[in-house]
Amino acid sequence: MESAGSKSGKSSTATPQSTLKRNSDDIGWEFGFLYDPTNFDKVCCKLCNHRFSGGVYRVKEHISGRGSNVSACKKSTADDIARCAKALDDVKRKKKAKHDADNNMRAGVNIGGVEEGDETIDLDDSFGVLKEGRTFGPMDSFTTFKGKKECSKQSNLNNVVRKEQLIRVKEYICRWAYECAIPFHAFERDSFKLMMEAIGQFGPNAEPPTRYEMGETYLKKEVEKTKASLTTYQDEWKFLGCSIMTDAWSDRNRRSIMNLCVNSKLGTVFLSSKECSNEAHTSKHIFEYVDKCIEDVGPENVIQVVTDNASNNMGAAKLLKAKRKQIFWTSCATHTINLMLEGIGGISRYKNILDEAKKLTVFIYAHHKTLAMMRKFTLKRNIVRPGVTRFASAFLTLQSINQKKFELKQMFNSPDWDNCKFAKTVKGIAAVDTVNSASFWAGVTRCLNIFGPLVSVLRMVDADWKPSMGFIYGELQRAKKDIKSALNDKESLYKPIMDIISKKSSNRLDTCLHLTAYILNPYYFYNNAEVRDDVDANDAIVDFVSEVFPDQEDLHHTILDVELPMYKGKLGKFSRPIALKACEVNNDKFDPANWWETYGNSCPNLRKMAMRILSLTSSSSGCERNWSIKRKLRNRELLLADGGNAPEWIMDGLDEVQTGGTGQSSGVIDGVEEVSINQENIKASANTSQPRELDDEFESEDEEYVEVDYESDDVEIIEQCGGRDDELDDL
Numbered sequence: 001m002e003s004a005g006s007k008s009g010k011s012s013t014a015t016p017q018s019t020l021k022r023n024s025d026d027i028g029w030e031f032g033f034l035y036d037p038t039n040f041d042k043v044c045c046k047l048c049n050h051r052f053s054g055g056v057y058r059v060k061e062h063i064s065g066r067g068s069n070v071s072a073c074k075k076s077t078a079d080d081i082a083r084c085a086k087a088l089d090d091v092k093r094k095k096k097a098k099h100d101a102d103n104n105m106r107a108g109v110n111i112g113g114v115e116e117g118d119e120t121i122d123l124d125d126s127f128g129v130l131k132e133g134r135t136f137g138p139m140d141s142f143t144t145f146k147g148k149k150e151c152s153k154q155s156n157l158n159n160v161v162r163k164e165q166l167i168r169v170k171e172y173i174c175r176w177a178y179e180c181a182i183p184f185h186a187f188e189r190d191s192f193k194l195m196m197e198a199i200g201q202f203g204p205n206a207e208p209p210t211r212y213e214m215g216e217t218y219l220k221k222e223v224e225k226t227k228a229s230l231t232t233y234q235d236e237w238k239f240l241g242c243s244i245m246t247d248a249w250s251d252r253n254r255r256s257i258m259n260l261c262v263n264s265k266l267g268t269v270f271l272s273s274k275e276c277s278n279e280a281h282t283s284k285h286i287f288e289y290v291d292k293c294i295e296d297v298g299p300e301n302v303i304q305v306v307t308d309n310a311s312n313n314m315g316a317a318k319l320l321k322a323k324r325k326q327i328f329w330t331s332c333a334t335h336t337i338n339l340m341l342e343g344i345g346g347i348s349r350y351k352n353i354l355d356e357a358k359k360l361t362v363f364i365y366a367h368h369k370t371l372a373m374m375r376k377f378t379l380k381r382n383i384v385r386p387g388v389t390r391f392a393s394a395f396l397t398l399q400s401i402n403q404k405k406f407e408l409k410q411m412f413n414s415p416d417w418d419n420c421k422f423a424k425t426v427k428g429i430a431a432v433d434t435v436n437s438a439s440f441w442a443g444v445t446r447c448l449n450i451f452g453p454l455v456s457v458l459r460m461v462d463a464d465w466k467p468s469m470g471f472i473y474g475e476l477q478r479a480k481k482d483i484k485s486a487l488n489d490k491e492s493l494y495k496p497i498m499d500i501i502s503k504k505s506s507n508r509l510d511t512c513l514h515l516t517a518y519i520l521n522p523y524y525f526y527n528n529a530e531v532r533d534d535v536d537a538n539d540a541i542v543d544f545v546s547e548v549f550p551d552q553e554d555l556h557h558t559i560l561d562v563e564l565p566m567y568k569g570k571l572g573k574f575s576r577p578i579a580l581k582a583c584e585v586n587n588d589k590f591d592p593a594n595w596w597e598t599y600g601n602s603c604p605n606l607r608k609m610a611m612r613i614l615s616l617t618s619s620s621s622g623c624e625r626n627w628s629i630k631r632k633l634r635n636r637e638l639l640l641a642d643g644g645n646a647p648e649w650i651m652d653g654l655d656e657v658q659t660g661g662t663g664q665s666s667g668v669i670d671g672v673e674e675v676s677i678n679q680e681n682i683k684a685s686a687n688t689s690q691p692r693e694l695d696d697e698f699e700s701e702d703e704e705y706v707e708v709d710y711e712s713d714d715v716e717i718i719e720q721c722g723g724r725d726d727e728l729d730d731l
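full-length UniProt numbering numbers the first residue of the sequence shown as 1 and each following residue consecutively.
Worth flagging that the hints you see were computed from the coordinates, not collected in a lab. As the structure is a prediction and not an experimental result, all values here were calculated from the model. A few of these clues could be false.
Claimed, not checked - Pairs of lysine-lysine, DSS-like flavour, derived with a Cα cap of 27 Å:
(1) Lys193 with Lys95
(2) Lys480 with Lys568
(3) Lys74 with Lys86
(4) Lys503 with Lys321
(5) Lys42 with Lys86
(6) Lys92 with Lys163
(7) Lys369 with Lys380
(8) Lys351 with Lys490
(9) Lys94 with Lys466
(10) Lys404 with Lys424
(11) Lys323 with Lys608
(12) Lys421 with Lys376
(13) Lys284 with Lys318
(14) Lys163 with Lys94
(15) Lys421 with Lys405
(16) Lys424 with Lys359
(17) Lys404 with Lys380
(18) Lys380 with Lys42
(19) Lys284 with Lys274
(20) Lys369 with Lys424
(21) Lys238 with Lys323
(22) Lys351 with Lys405
(23) Lys589 with Lys568
(24) Lys503 with Lys481
(25) Lys608 with Lys238
(26) Lys405 with Lys42
(27) Lys193 with Lys227
(28) Lys325 with Lys238
(29) Lys86 with Lys98
(30) Lys292 with Lys220
(31) Lys92 with Lys74
(32) Lys608 with Lys581
(33) Lys170 with Lys98
(34) Lys42 with Lys94
(35) Lys380 with Lys424
(36) Lys351 with Lys404
(37) Lys292 with Lys227
(38) Lys193 with Lys92
(39) Lys96 with Lys170
Please work from the sequences and hints to get the whole structure.
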């Protein structure tokens, strides 16, 4: 019997009905689909065609034969049953783990247990002083505080009454959140759960902190706690080094703001920001700001400064090199790759397709009726997709259009469209011609095959979960090969693209730092014979050692003549099968810095150098992303105040202190010298993300702007967008 996975693969292309599923990679969709486009709860089994309610969870119960809510599938194989059973068990295990973690966290809250004579009741370390407590008398020495478990046994109220009370409590919480426009995700934070537990333990008549206490007393305490948590990051800077990232931007009031962050393997730490509207962003000004930051962090800990490719930043790089020869100033990989994409997108054969797709998208989103019609045919899915850069957004939108090709054709050839008042307009007719054009869809496939490899590299360097310095050069070489392959290795077609990539990456992504990281990444050096013959890369490591360790000839000899040949020749511990096996695949678990820490002990000097290089980022986008969160809280008073960074300092710091983060999210901890804040000026936006604008003409002339409800951006770049372009010679 065929497995469900293979059947679903066949049916997905045979009938459009099998494509009706939620935007999810849940294994249950391999065995079921939505049979009612208007009800996402109605599902049908692909194996036995049994229809039932309950969504994808019920599909897995049906296939595995578990649960009493649906009958077992009679056509599922043993493998199908095992896979769905495992999926169900995984869900239960995750829920239990989350439940246990929440209980353990809440159990740590204890607002009592003070000694005799104490005047206050202290909370957990995550909190300050709650309020002034009563003075303990002599009888208190014969009593003990009843903790959470004991207190939970005191209530004998009827369960119905307790549920009614809980509903009222939630009503009060929600009413406050609605009135103050509190983002809903704020209630998922651990700090909110701890607050609820502390209030519950205190009981009735708990008084909230005053505005003064929030802006002064407790704010200062939280800042000090967050500062103390920086010790872990500072230790990491000393051990593996760090990168200074700088970014400048102007707000809607044309105020010019610069900020600095420090990135290490643990994550990104916001260091400082300042308004410099009255100062020109000259190379000297940038250099002085960055140089002071280097002094604060420690010159011996800083390996590189990462900025965008603006000319004033490049001028500052020369000034830094004159003073600190051992620190590199590198260009942001995200910015550089985006320039490559824009350059390729300017080639006429690709630009024409992008322009057509843009016109189609703008037309659909410019009117309520066309937008509603599109969502009807695509089951409420959108075309527009936000990306890490403007061009990445265009690519993801183009990819989304290609995925919805069938639905768009259905829409523009349906009675609904014929009855639409826009069907006979010039733009409406043009949209129909575009959707029904075979050359347009061939061009879309061609663009996706060309841009896809570079967009994959862009997403890799923009991510925070893995240091990218050891991968940027190697992945860029792979992207070039993929592009050549997509163009059937025809030089007349790929040469203009290769010229753009080479021009944009020259002296930006091919410095001796990038090439040394490429050589020292065993994933490339041990698995690709071409790396050993790369003259530029092998020469770069010699230049790097000479630059980083000046006037240390003995160390040069040890690294280049003794230890490096051992690594290149797979000698000693490098020849162990387990070491070679560990670097065969570049997946989420592979980290070249960790590989060197484990298997490079026979070459201590090279090991230390490799670990520091391979722990670096190659992009400064984390600095921009870190700051984009904070500018929602910014206004003139906050910027001019000495302690204007304090709330942001704490906001990100608590994430790491409470969860032990590893820098996988954007910003982590912010720091300032003093705290003095006009709390009235702090307003958090209820919207957690801003939609990417398509164009100035996105809004309709006669209709209101329609806010775009984007799909999740947690998607993978589709590896293969279509077959090889056999018609390229004719286009």
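Item to check | Unsatisfied constraints (hint numbers, rising) | outcome: When the structure is compared with the hints, none of them turns out to be violated.
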